Amino acid sequence: MNKKGFLALIFAVFFVAGIAEARKTEITPADERDWQVIAPQDSDAPLRDYAMLYEAGGHDGNIGVIGIPSMRVYRYIMCGVDMHNFPFSGSNAGNNNGTPDGKFLWVSDKGADAVIEVNLQTGFAERILANPKPFGIHHSAAMSPNGKYIFLTGELTGKVAKMRVSDGATTVIDVPPAPSAPDYPDTSKDGKYLFAGNYYHSATMVFSQDPFKFIKEIPVGKNPHGHNAEPRGRWVVVCDKLSATQSVIDVRQLKVHKVIPVGAGPLHNQPDTFGKYNYISSFVSDSTSKVDLGRMQMVDEFPIHYRVGHNSIAPDNHYYVSQNKYSTGLFNPTGIVYAVNFEEQDIDELSPTYGKTVKLIPINGEPHEGRQIFSTTIQRWNTGRGEEMFTKGYELGDVKVSFDDRGVPGRSLTKRPSLYPVHLANAKRYFIPRDDGKPGVTKEGDVYVVRLKGFSYGYVPRFFHVPKGANVRIIYTNIDKAAGLTKNPDVTMGFLPAGYYGQRTRLDGVRGMSAVGEFVADKAGEFEFYCQQFCGPLHLEMRGTFFVDPPGGTASLSVGDYDEMSKLEYQVLDPEEREFITGGNRLLNTLREGNEPAI
Amino acid sequence: MKKYLSIIVVSLFVLSCGVAFSYEGSLPDDTAYVGTITKIDRGARVIELTTKFEKTPKTWKLHMQDECQIQVNTTKNPSEKGAFKKLSELKEGTLAEVHGWPSRDGGKWLARKISILNPDDYMVKRLEADAKGGVYFGHEP
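These protein sequence lines are chains A and B, in that order. FYI, the numbering for the first sequence is 6 to 604, going by our numbering. FYI, the numbering for the second sequence is 50 to 190, going by our numbering.
Same shape as in the complex, but just chain B (with noise of 0.2 Å):
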């Protein structure tokens, strides 16, 4: 009996850390996230993204730092490539990449840089037809 329980319970630690480890999209500790920003709180200086191209899209709270650059990355008119935008400029519904990390406390994730996308961009279109493919971002292949 005793032997069938330890079975049974390293089978269930080796399944647990299987989905431990697993990556279903977007996680807390991410480096960096794809989505629509859904909110903006301009005095807080604290913006919601709701990631895309996942199987199940998450919503996350991105605080901006102070150094925090808000930068077009790809857009239809050349003029604009690399413009650097101020907060004030930027809206909700924007597709943005944006890249940071979580606080070591674990209480904030912090915004280093807002990169602005063009939906018809080459990679937002590849990551689209991926999705749609069954082929979601973030998920471990």
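So that you can see chain A by itself, here it is in the shape it has in the complex (with noise of 0.2 Å):
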């Protein structure tokens, strides 16, 4: 080999080593990395999220902030007692996660019986919206077009209310015929009707959005749950929680067109941003259904590891979260209540791993809504631009969003709060040995002593109640054996009531154990109390009320302390910070209906 053939040797060798090292450090961009390998990769950090998952974590009181697709836990926003569900403030345009303007979230706490504004873009509790009393929300799920008032379900009362944000303000309807459970809401998005279940009935509720006014029940399949109108706004998908169907309403004739077979237990839905596919968590078989809504039919369905409850979906339609529920055995034990968790599924139909989990976490909580944001929403504060943010606001594209909101009660561009809302601060609970007494109300000494048995779907007893001003003790007892159709048999029982007395009383109740809470009963009224740990298909209808009574009389949701209550007082520690809260009795039917249009 001569000198020149030598050198190109020596050049190759250095080049070709030069490209293998250029390789080693080539950078999988985020979108293209196969999630399922479980040890991170170099490129992990910094990571980018394309999308952000919001979530109502439930009986943690928080809103949980979650990337997509790492699901990493970037955080939790605390907010009260038992988050339910929320739209994001803009425009409902397009499926469930809407057209966010990234300004605010107005989540439901069912436990607090109030409605909390989340600013997105401080990440902090900002405002408390009381809805009237009595009332118990579930859900505050579904908005007007506009984005300038929110309907709320009060599954607790048989009540629907519709809510103008910017002070509380509301109409609130008495659904006929008693009992109503009126259920998971949303809207038409041209802002004619809004649709709500009622598990009840079994019937699909409609109302006209303005003037808010009952319209008409339409029968649909056994316990109706999740109810969404899909983007085109031709379809009202609803989840026949025990009928293993999924009902389709045709919005221009307010009538079902198809019911369509779909995997048991459809719980919730999730359309994409098409109105194509409607991805659906059925909790009893385990997986999610996935509907073609241009075909009528199911045309897949994906297995999930444990039992689902609510879902969401990513503002691109790539990415599906199931957010289930029971998860013993699954992760690390972290003392009574378990962590739950949270299953991403690839929906990307030209995906090498379409259809397969990619990534499943622990999660706090027993989490409901869930909706997906882009996160180029949320904005940096970490740049100098805080005055500017504060004062001005930001812009999203062309579109300017400002925070200047003059002359709306509770906000101000002196004054941004970071609410941390009482969260059982004052209760007493504790936990003592199984206490097999019968069930009832007994007094010993100055204490009314409830015994109260939780089990798959109910309470014994149904009904209890105390006076006015005494000390109340509740010793609830999970007296399951096993959780009937659900193949794992530790299902904690939840017992809260809704509204004052939910501050102070959550009690979760394992197997062996009793938990004891106790309160003094300061208030009259009539309380619903639910479980607030999801243990089963019939969870949602596991109720019962405790009454207590007045001086000479009986609670009802007519006679009690309602008035007082509805000021939600209680639900800041600090008297300043009461100026944060707005809406209750005092603004109950005083919006100026056919005056204000939703669109």
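It is worth saying that the hints were derived from the structure and are not from the lab. Careful, some of the hints might be misleading.
To give an idea of the chain B side of the interface with chain A (calculated C-beta under 8 Å), a few residues [to be verified]:
id, residue
1, T99
2, T100
3, T143
4, L144
5, P151
6, D179
7, F186
With a straight-line cut-off of 20 Å between C-alpha atoms, the simulated EDC-like cross-links for lysine to aspartate or glutamate are [stated by the list, open to error]:
id, chain 1, residue 1, chain 2, residue 2
8, B, K174, A, E354
9, A, K260, B, E73
10, B, K157, B, D169
11, A, K405, B, E103
12, B, K135, B, E73
13, A, K221, A, D179
14, B, K174, A, D305
None of these values were measured; they are calculated from a predicted model. Just so it is clear, CB atoms sit at the ideal spot from N, CA and C, and this is done for glycine as well.
Build the complex from these two chains, which are given one at a time in their own frames, with help from the hints.
Pasting the structure below:
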């Protein structure tokens, strides 16, 4: 080999080695990674998540923020007692995620019977919208097209409300015939209708948004739950929880167009942004049912690891998150209240991992509504833009989003709160060995002792009374042997009275022990209690009532200290923070119907 | 005779109801359209969109509201996912999904969100394949 040839050989060797080295340091783009690889990759940090999942955490009282597709938990935003459902502020154009402007979300607190406003840019709870009392909220997932009103379902009293989010003024409708259980709602995108399930009637209720009035009931499958208007506005998809079907309501004719067999125990919908596919969480069959709304049939089904409740879909329709319930044995034990889990599934039909679970993470609380937002909507504060953000707002392309909400109660340009609403702060709770005493109310000294048993799916006693001013001790015992349909025997049973006592009385009943809660019954009224720990298909129907009777009378939904409780002053500890609470009975039925278009 | 006439009238009524309530592609009161942006009037903030994946494409005039976002929904470039765009950056020929609703007086269709789509995205490919197979988007099954 001559000298030139030798030099060429050395050059070639170095060239090949250089390429190999360059390939080693090449970063795999986040969207092209195989997420089933458990070991972290070099390119994991810093990690850009293109979307963020906001989830109402149920009894942990938080809104959780999780990155998509990494499924890393970014943070928790403290909100209240038992967080259930929310819309993002902006407009409701699109699928369940709407068209968020990045300012707020309004989440229902079933435990405190209130709506909490979370500022997405500061990441703190900022205002409390007090429901009129009695109401017994479950959901606040539906918003009018113009974003000025939200619709609330009072599952626990049979009422439905339209609330103006600027000040909490409401119009409340009693849904006939009693008993009614207004359940998961959604609005038609064009501002005409509000749809909500009523599991006592196995029907979908239809309301006019403006003027706000009840129109009719549409019979659907047994015990309907999830209701969602798909983006094109033609169909409302209904999960017939106990019929293993999906009822598809024709919005133009207001009647059922088709009933589609789906996986057993359908609970919640996630239509994609096209209204082409609807993804359903099927609780009993442990699966995600994929329904083609073009063909009107189920076209695919993805298995999931554990029983599912709510679900969410990425804004680009590429990922679906199954928000599962039971997880015993799946993760390390963390105490009496175990972690539940979120399972991310790839729904990109062109992806090699289509239909597969790509991430599974433990999660706190007992999550309910999940909605995903492009991460570009949330601004960065750590770039010296604080003052500008505070006073002027920010831009999303051409769209200027302002925080200048002068004249709106509880909002100002000089003071922006970071509320930390009371969450069991004054609660006295403890566990004792299993109490097998007879269920009912007995008086022991000056204490009214309530022995309450919980099982799948009910309470004994179903009703109980204590006098106003009584010292109350509730001994709550889970008497389940196994959880019926479920494959997991260790189901925690919950007890949570909605409203005033929800702040101090939440109990979690595990088998083998009894949970005790003590409080003074200083406000009279009728209080519906429910199970806050997802325990099976009829968990939602697991309800009871306790009455705190006023002197010389019997409490009811019309006899009680409701005006006082509706002020929600007990929701914050600092009296100065009460200026951030608005709404309540003071503004009940003060909307000017017909003059406040919802579109 | 009267009997036959009434039967014919009733039959025609039932038939017309069926036609009136059948879905043959996009309709004026839909709250979402999918197609190609064929014309942009930046001054008036009006776009024209010609639908795709339907048996008979239709063209709709969509009025962008002040709060109408233009956002990249799907893209080949991961760093562009969710990027907000200005109207001046929007180009004719762009494949998009537009969400909004008709005004109550029926005069204008009010656009609230323009989502820019990647023509190679699985949903676009799915809608294309379905349409080729005779399952058209927005048609009644």
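Results of checking the hints against the structure:
no., hint, in the structure
1, T99, "violated (17 Å)"
2, T100, "violated (11 Å)"
3, T143, "violated (14 Å)"
4, L144, "violated (12 Å)"
5, P151, "holds (7 Å)"
6, D179, "holds (7 Å)"
7, F186, "holds (7 Å)"
8, B:K174 to A:E354, "holds (9 Å)"
9, A:K260 to B:E73, "holds (19 Å)"
10, B:K157 to B:D169, "violated (31 Å)"
11, A:K405 to B:E103, "violated (35 Å)"
12, B:K135 to B:E73, "violated (33 Å)"
13, A:K221 to A:D179, "holds (13 Å)"
14, B:K174 to A:D305, "holds (17 Å)"
Hint violations for this structure: numbers 1, 2, 3, 4, 10, 11 and 12, all remaining hints satisfied.
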